[in-house]
Amino acid sequence: MSFLELKNITKRYGPMTAVGDVSLSVEKGEFVSLLGPSGCGKTTTLQMIAGFVEPSAGTIRLDGRDITRAKANSRGLGIVFQSYALFPHMTVFDNVSFGLEMQRVPKGERKPRVEEALSLVHLSPYAKRYPRELSGGQRQRVALARALVIRPPVLLLDEPLSNLDAKLREAMQFELREIQRKVGTTTVMVTHDQAEAFSISDRVVVMEAGRITQIDQPYRIYEHPETEFISRFVGKTNLLPGKVVTATGAGATVSLAGIAVPLETAGLSVGETVTLCIRPEKLHLTAPSGGLLTGRVADRFFLGSQWLYHIDGPLGTLMVVTPNDGSTPAEQGAPVGLDWSPSVVRVHRGAMAEAPDVALEVTG
Amino acid sequence: MSASLPDAAPAAPGDETPVRRFPTAPLFLSGPAALLFAALVLTPLFLTALLSFNQFDYATGRTGGFTLEHYLAVVTDEYYLEIFLRTFRISALATAICVVIGVPEAYILSRMSNPWRSIFLLVILAPLLVSVVVRAFGWSMLLGPEGPVNGALIALGIGRMKLLYSEGTVVVALVHVMLPFMVIPVWTSLQKLDPAVEQAALSFGASRATAIVRVVAPQILPGILSGSLIVFGLSASAFAIPGLLGGRRLKMVATVVYDQYLSDLNWPMGAAVAVILLAANLIIMLTYHRMVEGHYRRRLG
Chain A
1 MSFLELKNIT KRYGPMTAVG DVSLSVEKGE FVSLLGPSGC GKTTTLQMIA GFVEPSAGTI
61 RLDGRDITRA KANSRGLGIV FQSYALFPHM TVFDNVSFGL EMQRVPKGER KPRVEEALSL
121 VHLSPYAKRY PRELSGGQRQ RVALARALVI RPPVLLLDEP LSNLDAKLRE AMQFELREIQ
181 RKVGTTTVMV THDQAEAFSI SDRVVVMEAG RITQIDQPYR IYEHPETEFI SRFVGKTNLL
241 PGKVVTATGA GATVSLAGIA VPLETAGLSV GETVTLCIRP EKLHLTAPSG GLLTGRVADR
301 FFLGSQWLYH IDGPLGTLMV VTPNDGSTPA EQGAPVGLDW SPSVVRVHRG AMAEAPDVAL
361 EVTG
Chain B
1 MSASLPDAAP AAPGDETPVR RFPTAPLFLS GPAALLFAAL VLTPLFLTAL LSFNQFDYAT
61 GRTGGFTLEH YLAVVTDEYY LEIFLRTFRI SALATAICVV IGVPEAYILS RMSNPWRSIF
121 LLVILAPLLV SVVVRAFGWS MLLGPEGPVN GALIALGIGR MKLLYSEGTV VVALVHVMLP
181 FMVIPVWTSL QKLDPAVEQA ALSFGASRAT AIVRVVAPQI LPGILSGSLI VFGLSASAFA
241 IPGLLGGRRL KMVATVVYDQ YLSDLNWPMG AAVAVILLAA NLIIMLTYHR MVEGHYRRRL
301 G
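Protein sequence lines, in the order shown, are assigned to chains A and B.
Per full-length UniProt numbering, the first sequence starts with residue 1, numbered consecutively.
Per full-length UniProt numbering, the second sequence starts with residue 1, numbered consecutively.
For the record, the hints were derived by calculation from the structure and aren't laboratory data.
Hints are supplied without guarantee of correctness; some may be wrong.
[To be verified] Which chain A residues stay away from chain B? Per the calculated CB distances, all over 10 Å, these:
| no. | residue |
| --- | --- |
| 1 | Ala18 |
| 2 | Ser56 |
| 3 | Lys71 |
| 4 | Gln103 |
| 5 | Arg151 |
| 6 | Pro153 |
| 7 | Glu264 |
| 8 | Val297 |
| 9 | Pro323 |
| 10 | Thr328 |
[What the hints assert, rightly or not] Cross-link-like lysine-lysine pairs, in silico, DSS-like; alpha carbons within 27 Å at most:
| no. | chain 1 | residue 1 | chain 2 | residue 2 |
| --- | --- | --- | --- | --- |
| 11 | A | Lys128 | A | Lys111 |
| 12 | B | Lys192 | A | Lys71 |
| 13 | A | Lys128 | B | Lys192 |
| 14 | A | Lys128 | A | Lys107 |
| 15 | A | Lys107 | A | Lys182 |
| 16 | A | Lys167 | A | Lys182 |
In this text, a Cβ means the ideal position worked out from N, Cα and C, and glycines have one as well.
Isolated chain A (complex conformation) (with noise of 0.2 Å):
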């Protein structure tokens, strides 16, 4: 049996469902992460975890014990919250000590364990700062320390880096990462960012209008999302509606825009309407006509390690990124073949859904 289980719990506001029947099961030092836009009900499934907010229905067991109606103040969990909730009143050395006192820790022992804790973060300086005195990202790792001193059995993060500026963040990731690692502890964390979810969790647990829709490792959900959503959500991609014209129990055809593309999907019914997905970064430049397709570069972005291209062509516009070899880019306006390999190549089936500006909006 799993470490903490979730089965089936579902959170009803009168008629809204919040979060809908979402089962889920954590392995001992795992580290989960609960992945989503805004509203996508992975925030509350956290606090019906950490037992802020009641389940309607279903059950959370923790190490085989039913917590589903336990108090929060009796389970015992370690929370990072989003706007990391320090007691602002007391210095850095009490708000760790805070949770030790109230598990009646003797005090000759408290005292080593806030210091364990606070060398941890790498806070062992600021022991006597107050809250105010520190920057986000100490602050942060205040937060961090005051969760793991009473060693809990999971550690719960929600949106632990979002406060943070963005190379403060990539760097709070990694020691996140390895505070997690050295320490051991189940952790379960709700972030709307996937490059952050992706690069330090174990498994990600994608949600989407109150359910769960993929659980996986990381680089499984990025090159096999199971739904157009995810695809859309987790990074940048081109999405191209087609029409099945051969299949095979190898591979199929499709035609795009009157264009036949090989894939290497078996199972597909002629006439059938698919949705295709390619990464921008699975796309080659080529000479014009030496692939697939040909286009004109309509804009390109330089983004550092990679250039962001535009490509207009027969199938609309399409993103390309390669990486930065140092070699000349191709310039605005000029002609260019596009070409992949069919292995890359994924495929929803069912027409594309509408507003795809979502994925504008949250890629990074």
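Dock chain B against chain A, hints included.
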């Protein structure tokens, strides 16, 4: 009376450009209010202070000259000393009771969800719409010898009690009148509180009571401080409540001032008592403010 909130801004940063002209816009903009304040508050205060040093002739009722006899009389006469002590005792008691009732009230209010929160906020503020005099008469009808409270006491077999014209009654009525002035600042500082902070305390195993005492209360202390300063200041200078519910014998400072002005016609004496009340009030409130706020300045900023 300064009900200054403790989050006073730090000194404005110095002008970095020394050539900048002296700004006139702020002067013009704050001018009208400053003039009004000077004309309506400072002038009468100044005149009262001047008057308190005048001699008073009982035979002719004329005032003039310079003397310190009124101040000496107030400071040395036990009659006045007792009235001052009673005033501050009643005010301190009313303030303490307002803290005990008002702080939990504001906390419960802040935890309510919306239709009820608005309704109860209105219930708390509604008494402010009724004149203090009317409310004082309301209490005197309730607590009078033939009032419903005594009626109930008789029905219960306890017998009639003399409720009016006692310190207790004045305190009860003051608490009733002053409670909104405690609830509002505390409620305001509760609004500024991050609700996750209390959740954090709970998540570390604190009981609800511990979370309130250790985490919530220290953070709303500035609100409690402002509230108690307002309540204490208004209570110490209250006139209608002690005048109507304290009767002729149970005097407070404001009623003594009134008597000096209108019964004894000894205006300089009344002025001296008023000035001493103002000074004493200021000293007590500033000391209190220092004591409590100095303790928390570094922590809460």
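* Please write out, lowest number first, the hints stated earlier that are contradicted by the structure. => 3, 4
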